[in-house]
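A.B. asks: Listed below are the residues making up each chain.
Number of protein chains: 2
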Amino acid sequence: MNLPSKQAYVPFVSVDNMMKLVLQIGVERVLADLVGEIEDDFRRWPKFDKTPRVASHSDVGVIELMPTSDGETYGFKYVNGHPSNMKKGLQTVTAFGLLADVGTGYPILLTEMTILTALRTAATSAMAAKWLAPKGAKVMALIGNGAQSEFQALAFKAICGIEEIRLYDVDAQATAKCMANLEGRGITLTACKTPQEAIEGAQIITTVTADKQYATILTDNMVGAGVHINAIGGDCPGKTELHRDILLRSSIFVEYPPQTRIEGEIQQMEADHPVTELWQVITGEGQGRKSPTEVTLFDSVGFAIEDFSALRYIHGKLAETGLFEQLDMIADPDDPRDLFGMLLRSA
Amino acid sequence: MNLPSKQAYVPFVSVDNMMKLVLQIGVERVLADLVGEIEDDFRRWPKFDKTPRVASHSDVGVIELMPTSDGETYGFKYVNGHPSNMKKGLQTVTAFGLLADVGTGYPILLTEMTILTALRTAATSAMAAKWLAPKGAKVMALIGNGAQSEFQALAFKAICGIEEIRLYDVDAQATAKCMANLEGRGITLTACKTPQEAIEGAQIITTVTADKQYATILTDNMVGAGVHINAIGGDCPGKTELHRDILLRSSIFVEYPPQTRIEGEIQQMEADHPVTELWQVITGEGQGRKSPTEVTLFDSVGFAIEDFSALRYIHGKLAETGLFEQLDMIADPDDPRDLFGMLLRSA
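Heads up: the sequence lines are chains A and B, in that order. First residue of the first sequence: 701, per our numbering; consecutive thereafter. First residue of the second sequence: 701, per our numbering; consecutive thereafter.
Just chain A, same shape as in the assembly:
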């Protein structure tokens, strides 16, 4: 057979190589790096080709494609969300992603993104809190202690200086798992029996539960003045975590309004309910927290630009770490018009 040309190969980061890469650099360092990359891309937000993700819903879950482009590089993520997977011993969310050169359309990176999505989601949450949470916040409530929880905890420690985390989950085993994984990381951990107990004394409340349904994790009377709420779990139509009354007295910050109005907590509100785009807070075009008593809410659903930033980051680490394989994914005959001849000659 003919050997494929260099163009035929796409660098591929397997799950194994992603884990090696993250451990080699260090989880908290990766999270901080990602905050830098995401902020860089949020600062040039208007440059991006943006579209709500393309979702294919079924009774049990959703499969989504999340593309974006900055005009030079194109990226997309494939991601599913299947709350029922856990009972089958499978991940609720799995993902992979790709970067391509806009000039040629040729892919330049394929990578696992289950782990990378967990990292970028936590980095985005911590970035938002960096801009919105009350000054000097040291205590966070972490409601929902599943696959995303440790990443959230470490991101808030590394980026926001959180020192104490109060954990709650409907399943005490999830809390125990999360606490065991976070042991020795310099965070004071307290297991709580109710959401009410978890939010006692917390300046930041992170909700990260996975039910695909309207659920009320937080009610209005639970949320005190000055708190920052980081709502991660309301991320598809029909899935929310917060009572409507909380939204009515919060200043709401979102990633991309056309997507958040369909998928986020604000799907409970009127279509013109006021929101501020997070990127505008970062560029100074929008206002962040206005007072120490204001309740701020980051209604996070995840947006393609965050994945793009994460993909750019991994692409930038390839040469330095060597943690990738070359995948024979692109047919690239010597004469580009001779695809059929390449096939014949491979005999």
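Not one of these hints is a red herring.
Here are the computed lysine-lysine pairs in the DSS-like style, where the Cα-Cα straight-line distance is at most 30 Å:
(1) B/K1017 / B/K706
(2) A/K706 / B/K1017
(3) B/K720 / A/K706
(4) A/K720 / B/K706
(5) A/K787 / B/K706
(6) A/K787 / A/K720
By construction, these hints were calculated from the structure, which means they are not laboratory data. These figures come from a predicted structure and were not determined experimentally.
Dock chain B against the given chain A, drawing on the hints supplied.
C.D. replies: The following block gives chain B in isolation, referenced to the frame of chain A:
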């Protein structure tokens, strides 16, 4: 490190394995098999979740995602179109695709699709001609002799009984390449100096040129009564091959009207110009060719369901051929809530 579980692996068909698979089964047999698969899926067209492809356009080309689902299996293709690539020695069109289980969202196949797209495009063209071309057609004009041309030629031979092909390309070297590749395949081949010469005596006219611009490959006076036109090259906004007058006197058949009205030859026409959906001809809900003198036109732009059929076909060949690798693409911890623990334990 922990070994990934079976769920973590996604069967991957490389370019090399795709070529082996096609040669092992035989090109014409694969084309005929694909027509069967595509017809099966066209017969159950209403069952599919359909959306126009999600395109990201730039000055030099386009990158597209083409998703669809039949409720049990989800598929999508990544494909680019960059006419300027050829001058750089690169493919105009490259692609890869994925199938996933709707019930879990876990991928079940990743495959190269540059070669597979060439095959499914030719199979779709021949399938349409099987239903629309005049009875007893033996001669085809093939205008545009690039990467797709040989696949078209063999599909029309295998499925429609074409015995003679009259070739034309602005570049005589492309014609020579195509003829050399088709030698000994039982088709009478004639190189022509003009499009006019190529269509002499042809009952089927296939146009498959690649310029990303409005071009007039065929003018009205060139198209005689009773001809079937298979127009492949007009497949993105601003790119057409046929003069408007031809469209005015043709019965036009399309894949998915919302997409074809943007991308196909009919982007030149009013938004309500009458068209018939090809799947309805196959199910009998729509009428195909009405008379021997009618001009029929398949305004082909390619649709996600054809890729889905092709992906299903390749997925069905995995066990039999063994022509795939296992890709460590999905993070799958023993406890699905313990993604972070999996990362820690990989140290």
